[in-house]
Every structure is written in structure tokens, then in C-alpha cells.
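Trainee: These are the residues of each chain, in order.
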Amino acid sequence: NNSSQLSSLPLHILLYVNGIYYIFYFLVTLAMIIYKSQVFSYPDDFLAPDLAVLFLMAILEVPRLYLGFKGNLTEAEAPLGLSLGLTVGSVVLCVYLLLWQTYVLWADVLLNAVLLSAYGLESGFKVTAIAAFIS
Amino acid sequence: VARLCVCDLLVAQCDANCCCDPDCSAEDFSLFTTCSVPLVTGDSRLCSQKAAVYSLDVEANPPERIFKLIDQVNPSIFCIHATNYKQALYLKSPEIPTPENFDQLLEKFGGATFSAEPDSWNLDPDAKDPPEANETSRYEYGVPVQTEDAFLRLPSPVVSSWCSDANPAGFLVNQATKCIRSVSVEKCDSIQALSMLFYINSSILAVNITVQSIVVQSVNGMRTFLSTGDVLRLPMVLDELCINAVLGVNYHITHTDNGEIIEAAAAFVLGAISREALSIEQSFEISFTQENTQPVPVSGNPGYVVGLPVRAGFQPQGYPFPAALLFAALALSSNKHSQLTILQSTSTQDCLAAQGTRAPVLFGYNMISGCTLRITAAMKCQLLAQTLLDVLTGQSFPEYVASFGNSQAHDVLDWVPITQLHISEQMISHTLQSSCQIPVSLGIEVKWTKYGSLVNPQARIVNVTATITSSTLKQLPSGRERIIPITSSVVFTDISSPAEPSYKAWPTINIKLPFDFFYPFV
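Same order as they appear, the protein sequences are chains A and B. Going by the working numbering, the first residue of the first sequence is number 81, and it counts up by one from there. Going by the working numbering, the first residue of the second sequence is number 9, and it counts up by one from there.
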């Protein structure tokens, strides 16, 4: 039965873990932004973009994960391709939070690095899965 | 970090115990006991940064300073790895004002308070009211009259007789000055003080100075009044004369009783300057009139001022006395001869030659004057009596004297009638013929009182009595002459009653029994 199954198990596991990790990441990053705004001098013009990026990333994450699951399970390459595109957007936002945030704490660096590596691995698996589905 | 030193306060001098001071030499370091600033770092929350460590090695002889540059690491997970916000860790150096950004900086920081945030709450710049354009300013006595750029100037001689243009005109201070100005006919149209514009150019705050009248004086001194009075005539060179040069200015300022100036007019005397003239004399005058009053010179406000003439007047003919007192107004004239005047002594002391010059009676100044009369046998008595009366009392002796210095002509009750007394010195002579009497002396006694508050008493005339003393003229044998002295005097007597003290009312005890004090019984 393994030969006829094209869905990628590692991709599924990764997507599942990604979802849980992302919830954790979102909450921690939000808490840290609140902490930074209290401890440091954080004027409103700088706080607004950071919060916007975080929420945008959260909004992107939900369809991204859903499409990834669906594409992998139904072995359709279109949802997987769309998910890949959304991943690119998420990567950009993650890089922003890593490099261009107002205050980049050491914890921020750790969290974003882990998320980036997860995205990288995911993208690799998705590409492989798409290649497997097409052929 | 190596260059930062918090304890380096004195410039070019070594601060004590300051190990990071660059002005200190090795000998200075050997005298230190400790380092007051051991560590110089940036923000301590940064994850990794350079730090300068200063310490004293007391073991060595002499003690020396040790300077180390180390990397300081913050182990906390919440240390700042990087920041994209410049002001987070460093104080923002203020902008140096330049001509371009000066206005903007002044607007931002020029007030009493300013916010560190960029200005986002200037939502309604139109909410400011425009400043009052016609803010009338009230003047007090003596305050310089303000114009748009400076003060209203009345040129006057200062140290010498040359005109100085810096004399400001004081409010309610009537002044008349004369001064000399140096001129040259070639440049007469460029000398500002000779043109009319110089005197009417500046407007007294909201009031423009209008040209009231122009009188043109010719070279030989004859003056003609111009009918087209408000044409501006500027000096210009014509033939060899400079015409339309200002020789005199007379300002008339009208004010309200609140001290606001409502009108200003200037009357000019223009003349011609000949080529040989190197200087001309200019005369300036300013007078203040209260609105809706006649411009009668007042002698005080309201009480008489010592030294100012006593104001007098007549009741106009045709008004039946006393009913008309309530409605009539006194006829005042500014003619000097119908004011209260007394005889003025001359050098010749001859009464008959002294007619004409009279001295005004000034409030508070007791005066006595006189003349001598040569009587010959040929003089007619009646004529002599009439002449002497004229000499003593003047052409028209007034009937009323103003009670206050600023009494208006229409307040008849404010005027005191002059009581005239005739005393005749009846010389006891055996011939009881009704010989004629000639007046020999006039004594005016003015009784005045202090009126008003104790701290600022005003002088008020209460009573005026003019006493004419006559004496009998004895018939002279023909050929002989007699010389009779004639005197007139003015005496001011203060009849003010002393101030009465008054006491505060004693406090009263106000006891009332309550309404139901005797309750069960009443």
C-alpha cells in the first residue's frame, strides 16, 4: 500500500508541528511586544508596523496550513502550490520580525530562526510532494 | 566607549579620582585613591557590547591606572540583540538652528511647553482668535502718546536752542515750544523736518492725524489762511526760495473722558526760506481737548492748581435772574481782559498810563499792585472816578468765578458770584457836602476750601468778594497837585474746616432668645 500512497508523511507531521509551534510563537511574540512597549521607549509609529506584521502573519498562517494539509491528503498539487506561495509571504514577514523589528531581543531571534527553519523544511517537502504528485 | 567619561567635568584640567579623564597624566593617577567611574558602557540591556573598565593598581609603586576594553555580555534571554530605532539607546542630539529650519524650530519649541512626540495634535490651527485690531489704549496724564512706530514727537530745544526731535508729547500736557533748526535752501526738499509729511505721517494708533488748516507766511511775515486746507504741500525750491517749509505745527488732540484718543488734527504754518538763511525758528504746540466740551483752558482737574489763572465769566444778557440760572450758560471768553485780572504795576507808576496791561489773578498767589495818581485842580471828579474804576477793575470785571478748575460754562451752579462791596472812607470834615468819591483801592478776597478726600484734596473756591474803597477827593486849590496812591490786591484765604475723624461703629451684641424658649408655659 505504500507504493500507491503519494502523500508525504514527513510533510504532514511537519505541518502539524508547525501549527502547534505557530500558536506558541504567536502568543510569545505578542507578549514580548507588550513587554517591550512597557520597558523600552516604544512610540506608536514604531509599534503599529510590528503588530501589523505579526497579525498579518497569523492571518496568512491559517489558510497556509489548511491548504498544505488538504493538498497533501488529497494528493492535489494546486493547493500545495498555493500553500507554497503563502509560505513565501510568511517567510518575508518572518524575516522582517527577525531583522527589522524595532527591538530584536535574543528570544525573538531564537523563535524566528526556528520558524524560518521550519518553513524551509516544509517548503522542501512540499516541492518534493508536488513533484511526486505531478509525475 | 573609550572616549566617554562621565566624571570629566573640568575642561583642560584633571578631575580628582576620575580615571577616564584624558586631561590627567600619570602623576595625577598616582595620587588617586579610587576610581569614581569604574565602568563605562552603553545600555546594559544590550546582548553584547564593548565596555571600558578603569581601575587603579594600588600594588604598584606609584599606583597606576589600568584601562581595559572588554566585551560585556548580557546573559538574559530578553537582551536587546539589535534595534532599528535610533533614539532607543542614544540621546538624540538637538538640531542646530539654521536660517532654514529656524522658524520651524521656533514653532515647535518656542512655547512654554512642548511635547517630545511629533506634533500630531495641532488639529485646529484656525481656532486662535485674531488679536484685537482696535485695542484702544487708555492714557494717563503725562504718558507719552503712542504712534505706530514710536511716540508722537514735539520738537523742542533740549540743551541749546536747536531742535531735538526726540521729545515725546505727554497726554494732557499742553506744551508750546520754539526751537531753531538749521536748514539749507538747496537741500530743503530732503530735510524731513521741513515737510508736512513728517508731522502727520505716523498715525496715533487707530487715529490718523488730519490736516486742520494751513496758513502760509510770506517772506515779509504776512500770513494768509489757505481755503483748501487739506492739501498736502511739500517743500520745494522755487527761484531762490524754499517754499512750503514748515514753520509751525499746532496739534489738537481730542480725547474722551476715559483717556482714549479719538481725533487728532494738525494746523500748519508754512513759510518760505530765503537763500541766505542758515537756520529757521520753528514753533510747536499741542493741546488736548475733551470731546463734547469747549476747548477752554482749565485751571485744574477738578480742583484749582496753584499758579493757574482763576477762571471767570459773565452771565449772558437777557436771561432773567434767577429762573434762568438753571438753564443759562455762562459766557466765557478766552479774552485775557475779561478774566479776573488786577492792575499791573509799571515802571512809571502812573495810573493813567498803566491802562492796558493787566495781570491775571493766579490761584494761590496773593498779589498787590498799585500806581500813583497825580491830581491837579483842573480834573473833573466824576471823570476821574470813572477812569480810576476802569484802572482798578479793568474793562470788564467778571461776575462769576468758577468754583472748580474745570467747571464747564453750562453748569451754572458750579460758579460763584462775585460779591461787590463799596466802602467809602468818609473823612470827617466839617463840610458835609456830598463831595465825590473816587475809588482808591480794590481788594479781592478769595475764600477757598479743601474739598474731597484727605489724601488728594482739591481746591475749591467758595466765596469771592471784591471790595472797592473810595475816599473823598478834597478840592484842591488851583495850581497845586496831589499824588494819591492807588492799590489793588488779591488775597487767597483757606477756610477749609479741619478734617473730622470718624470712628468705627461699636460692635453690638445681638442676642435673641429662641422662639420656643419658654415652651411649656407659653
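Honestly, the hints are just simulated from the structure, not real lab data. Think of the CB as a built atom: it goes at the ideal place given N, C-alpha and C, for glycine as much as any other residue. There could be a bad hint or two in this list.
[Unchecked claim] DEER-style ranges, computed between Cβ atoms:
id	chain 1	residue 1	chain 2	residue 2	range
1	B	PRO105	A	PRO123	39 to 47 Å
2	B	LEU12	A	ILE139	39 to 47 Å
3	A	PRO123	B	LEU205	55 to 63 Å
4	B	PRO105	A	ASP125	23 to 31 Å
5	A	VAL207	B	PRO105	23 to 31 Å
[Said to hold, decoys possible] Sample of chain B residues facing chain A (criterion: CB under 7 Å; computed from the structure):
id	residue
6	PHE75
7	LEU77
8	GLN80
9	ILE88
10	ALA90
11	CYS444
[To be verified] Going by beta-carbon spacing under 7 Å, a handful of chain B positions derived as facing chain A:
id	residue
12	CYS43
13	CYS87
14	GLN357
15	THR365
Trainee: Each hint needs a verdict: does it hold in this structure or not?
Mentor: Here is what the structure says about each hint:
| no. | hint | in the structure |
| --- | --- | --- |
| 1 | B:PRO105 x A:PRO123: 39 to 47 Å | violated (24 Å) |
| 2 | B:LEU12 x A:ILE139: 39 to 47 Å | holds (46 Å) |
| 3 | A:PRO123 x B:LEU205: 55 to 63 Å | holds (59 Å) |
| 4 | B:PRO105 x A:ASP125: 23 to 31 Å | holds (25 Å) |
| 5 | A:VAL207 x B:PRO105: 23 to 31 Å | violated (60 Å) |
| 6 | PHE75 | violated (29 Å) |
| 7 | LEU77 | violated (23 Å) |
| 8 | GLN80 | violated (15 Å) |
| 9 | ILE88 | holds (6 Å) |
| 10 | ALA90 | holds (4 Å) |
| 11 | CYS444 | violated (112 Å) |
| 12 | CYS43 | violated (30 Å) |
| 13 | CYS87 | holds (5 Å) |
| 14 | GLN357 | violated (100 Å) |
| 15 | THR365 | violated (91 Å) |
Consistency with the previously given hints fails for numbers 1, 5, 6, 7, 8, 11, 12, 14, 15, ordered from lowest to highest.
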